[in-house]
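Participant: Start from the sequences, fold in the hints, and give me the full structure.
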Amino acid sequence: MLEYAFRRILWVIPVIVAVSAVTFFLMYRAPGGPWDREKTLPPATIKALDAKFGLDKPLWFNPDAAGQKWAEGVRNPVELATAAIDSRFLNYMTGVFRFDLGPSYASKGAENVQELIARKFPVSLKLGIVAIIFSVVIGIPLGIVAALRQNTWIDYLCLGGSTLGISVPTFVSGLLLLLFLSRTLSFSPIRGPEEWEGFGPAYLLPGIVLGLGTMAYIARLTRASMLEIKRQDYIRTARAKGLSARNVVGAHMLRNALIPIITILGPAAADLVTGSIIIESIFGAPGLGREFVVSISKRDYSVIMGTAIFYAVLVALANVAVDLSYGLVDPRIRVRR
Amino acid sequence: MSQATMTITSEQPVESLAGSLGEMRAPRSLWSNAWRQFRRNKLAMFGLCYLVFLIFVAVFAPAIAPHNPVQSDLAVAGKYRQAAWISDPDPKKTGDWSYPLGTDGNGRDVFSRLVYGTRISLVVGFIPMTVIMLIGIPVGLTAGFVGGRLDNLLMRITDIVYAFPALLFFIIMQISLGETWIGRMLNGLVLLFITLSIINWTGVARLVRGDTLALKEKEFVEAARASGASPWRLISRHILPNALSSIIVAGAFIVPGAIIAEAVLTYLGIGLRPDVKLDAPFPTSWGQMIQAGQTAYRNQAWLLIAPSLAVALITLSFTFVGDGLRDALDPRDQV
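Chains A and B are the protein sequences, given in the same order. Convert by adding 5 to the 1-based position in the first sequence; the result is the number in my numbering. Convert by adding 307 to the 1-based position in the second sequence; the result is the number in my numbering.
Rather than coming from a laboratory, the hints here were simulated on the basis of the structure. Nothing here was measured: the structure is a model prediction, and the numbers come from that model. Note that CB positions come from ideal geometry on N, CA and C, so glycine has one too. Treat the hints with care, as some may be off.
Claimed, not checked - Only some residues are given here: those of chain B computed to face chain A with a beta carbon under 8 Å:
id, residue
1, Ile478
2, Ile479
3, Pro563
4, Ile567
5, Val571
6, Gly576
7, Ile597
8, Leu611
9, Val618
Facilitator: This is the structure we're talking about:
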């Protein structure tokens, strides 16, 4: 198990490298440089800025620098290799593993991308926490009730509601809710910047909308797995030996029914990440998701790149955590050597 | 609508078709069985009828739309005219049944734009799905059947694709390639097809691989192999037909995902470009309408409500159909 856990965690590294390489290559291809302003900068300034941020170096490898060192009489292989990997991509890559995502060019290099993420991510994280709590606290009981009262109106209501929640994208439900609140109830859910500090009521509505899809999915999954377990022999045994209904449901059914829920927490993390990009823009939450959308319109490539890599690492780690937790939760799942 | 639905609801032809198929080749009875099961599912039938209706709308959009979706006629239509049943003191803004859902900021008829928007949603849903199947099924079959290094490579690629949240990849692709010649083709539709296919083929390949791995150990494949069937025959006659039901179900869920991706990207302002040509076959998408509606919903609420409901209804229908297909095709789930 330990060996498997170790291998699984190590596998995150090539994933990060691959995601970074793809992002780097695509963003390098993107039109316009980081110094495109309404007023064209003089070439000398651009050259100085490029030199300052290392943008004048070759893209993938730097054999010229190594060759120069060689000509200078340097024979130390470490020094030669260091010169050869002094390229834009490899410098960026080593930066990624040191949590250094480079300067944000739109702020003229005043703020680093990792500082921006550190400043903006807490808002997104709080939204994600509200969403996860909402989806678990509402989704699991809904699924249980639906399964225990199978084929009654409660079941159909839960099933219908969760189907709606799964299939209607969050940006549609978010926009329609916003419209409904502001038109019918004359209540504007858009909050001022000061209300997002701390952990106030501003997070409630966007958090719930963000969690709608996951909630619906959890409810469906809970219902399906409860229905399957209801028919198991050990449930009949538990009933037959005279356990109370509450005990049967709580101790025997729920514990086993909740195992599949863990499997969706990985995909749910990805859902929350992409969902927060849209929900934060709709509700004006000053989180990383909205910053990402803003950086798209500003063409701030280093922020787009850094945020994408950050999110990808987050999702990769969530997937690993889910994979590792199977073995802990369900002793039947054993890793083949 | 009536014409379109009749072919599905009429009992006679389907029964006789299923019957004759059953007589001619017995193994196919799974499909008539599945169809019978599917037809009993009211929600799935509703979803199917609605989708057939949308195809009809998309094909006959020029005949259905009362106005040209691109032409702006501010003098007659009025800016932000309300939906037909909402009255407004301003005669240029009060509802009028010649503009059932009102007009947008350029005096274009919202209903006509909605009708034309159906085209993009369906095209964006079905074309990438076809590409994904054409790539994913062969790769999955080969990886599962041959195994070894190829299989390993596929699993590593899918690991990486799984780690990359799809929407992020779509956004980066659009920013990177949106301004190139390929990004400009068909107002960005081609690039969208490519992006959606790149992300989604791995899912299908993984699914088919899993099915192939399980199926190739089954006795009937063993028997076929023992009686001298070639690998090609094993795959095409024994493995693929048995994997088909889960492929179909997966396909039914890929389509709404693609439709949502288009709407989200266009809503973020990096998806499809609006077309200003009067005779454009794909003048607008629901995503563009939602984007426009979000900035102007205080002036004209139906500018936002109509396309949002359209997106919600089409994705809902696909979920109904997908669930129905799963229940009908997957015998393991029939409890």
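Participant: Hints first: check each against the structure and report whether it holds.
Facilitator: Hint check:
1. Ile478: 6 Å, holds
2. Ile479: For B:Ile479, the interface hint holds, since the closest Cβ of chain A sits about 5 Å away, which is under 8 Å.
3. Pro563: 7 Å, holds
4. Ile567: 5 Å, holds
5. Val571: Hint on B:Val571: holds, closest Cβ of chain A at ~6 Å, below 8 Å.
6. Gly576: 7 Å, holds
7. Ile597: 7 Å, holds
8. Leu611: Where the cut-off is 8 Å and the nearest Cβ of chain A is about 6 Å from B:Leu611, the hint holds.
9. Val618: 5 Å, holds
The structure shown violates none of the earlier numbered hints.
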